[in-house]
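Student: Sequence:
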Amino acid sequence: MLCGDAIKGYEKYLFDESRRTGHATALAFPRDDAEVSGAVRAADKDGLSITVSGARTGIAAGAVPDGGMVISLERLNRICGVRKGENGEFHVLCQAGVSLADLQRSVALGKFADSATWDKATLAVLEEMKTQRLLYPPDPTETSAAIGGTVACNASGAHTFRYGPTRPYVSWIRVVLADGRVLELTRGQARADENGRFGFQHADGTVVTAQAPMYRWPATKNSGGYFSGAGMDLVDLFIGAEGTLGIITAAELRVVPAPEANCAAVTFWPMEAAALEFTRNLRQRKEVLGIEAIEYFGPDALRLLRKRRALLGAASGVPDCLPADAGCAIYLDIGTTTAALPDTLEAVAACVRECGGNPDVCWTGMTKAERERLRVFRHALPETVNAAIAEIRQTHPQVTKLGTDMAVPDECLERVVRLYRERLDAKGLDYVVFGHIGDNHLHINILPRNPAEYAAGKELYQSFARDVVAMGGSPAAEHGIGKLKTGFLKIMYGEDGVAQMLAVKRVFDPDLRLGKGTLFG
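Counting in the numbering used here, the sequence shown tops out at residue 521, every number present.
Hints are computed from structural coordinates only; laboratory data are not their basis. Model, not experiment: these values are computed from the prediction. Virtual Cβ for every residue (Gly too), placed ideally from N, Cα, C. Some hints could be false.
Beta-carbon label-pair distances, calculated as ranges [unchecked claim]:
1) H202 <-> M1: 19 to 27 Å
2) E127 <-> P323: 29 to 37 Å
3) Q132 <-> R353: 54 to 62 Å
4) A426 <-> V207: 55 to 63 Å
5) E391 <-> V125: 45 to 53 Å
6) D193 <-> R353: 32 to 40 Å
7) H379 <-> D119: 39 to 47 Å
8) A470 <-> A230: 43 to 51 Å
9) D204 <-> V125: 28 to 36 Å
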């Protein structure tokens, strides 16, 4: 453990991808659960708050310490085993510091670096896994993310459209609580009753009871607040709690069969209305066509990418064949069987024609290399936005990116897009619209040119949140609340809902030491 001046040289543990920087008085690097418990008890003895640090890839400042002790889980980086469930599904046991990329690669190849330490029964399961094509579906953009962080934030990504977020893939967790005790929970072991009451027993026989929040959970993608509902599983209370109820040190994760054949495509549209109609049509045929992701590039996004191409050429990741008359674009990932793929592509082409598009100008990625080029194209846009903000900050360092993270129900997609554009245009702001349109989860990135526009953009951000909640959606669909969006919880659940969350937190963390500043400010 490092304290005081010894922390100098470890500044990277004081910030995350939000670029907000914090401060701490102690830094711990535990190697196992016992050492995590020891660090928690040491922090308790000294009256220190605790911030958990994984890979620090979050953009809501959840890993940024507001004083106290930082507990880094980067040394808890082993994949400890595999298991076959009674229903024939396979599960992988990971420590919290394992990277998402390592897990996904290991599952895809059937090769695990730590398997030499596994027992014979576990190795037999591994041999059976090797006979199948498997994947771990959750796919947040940053694959260097730590597994503990993805569980703590209920991470999602483009393929959430088909597979859902992290939550349904977590079958077991190990959590170190604020008093240093270790709690292990298997899905199905402890459930709330019809009134939201639940209980569990510690290894020492202590029985704990609590009341789950009973506010209305959005029917859309949502990563804001504690999961709620009658009959909910206690495992789900910790998933998405952003480290404020306990420190997740390990998780068992369900893996699923991978598609036999994959394809990516980019379709181009003269008008936004046609692209939205195409999205609706694809959503209705999601299961039949094996659609895994539907991603949108608005007119403003394509203009920005054309500028990037003109400036950087081939290094931009933007092909020089971007159609000159394209007003917007839709990116697709498809996963199906080899036999079905030709018919699937023809069905997609027919859908393009039905909605007024031209399949002859679509880009298609059939091989792994072709799909990778289209993936690079898709990721070129957020990189371009970040570069634009960095340029603005050279003149106005107080300006930061204003990017929304809001999802609405299916029937509200056109309405919310219209609302975004009308209000942004009325303020004369530059902005870019892109993102997970299949889940009605578009990112509006406002590009303020000066502090006045930055202030106007922040006001709009708050008004958008209120309108999205009124539609039954979430203003925190995938990035969590962290320390940057704490005001959204009151918009989402009201003062009573926030009070219910605090009551739950006090059951697990009576002194409110875990994740100081996260969720509750």
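Student: For each hint, tell me whether it holds in the structure or not.
Tutor: Results of checking the hints against the structure:
1. H202 <-> M1: 19 to 27 Å: holds (26 Å)
2. E127 <-> P323: 29 to 37 Å: violated (49 Å)
3. Q132 <-> R353: 54 to 62 Å: violated (37 Å)
4. A426 <-> V207: 55 to 63 Å: Check passed, 57 Å falls within 55 to 63 Å.
5. E391 <-> V125: 45 to 53 Å: This hint holds: roughly 52 Å between Cβ atoms.
6. D193 <-> R353: 32 to 40 Å: With a Cβ separation near 53 Å, D193 and R353 fall outside 32 to 40 Å, so the hint is violated.
7. H379 <-> D119: 39 to 47 Å: holds (41 Å)
8. A470 <-> A230: 43 to 51 Å: violated (24 Å)
9. D204 <-> V125: 28 to 36 Å: At roughly 32 Å between Cβ atoms, V125 and D204 fall inside 28 to 36 Å, so the hint holds.
Hints 2, 3, 6 and 8 from the list above are not met by this structure, while the remaining hints are.
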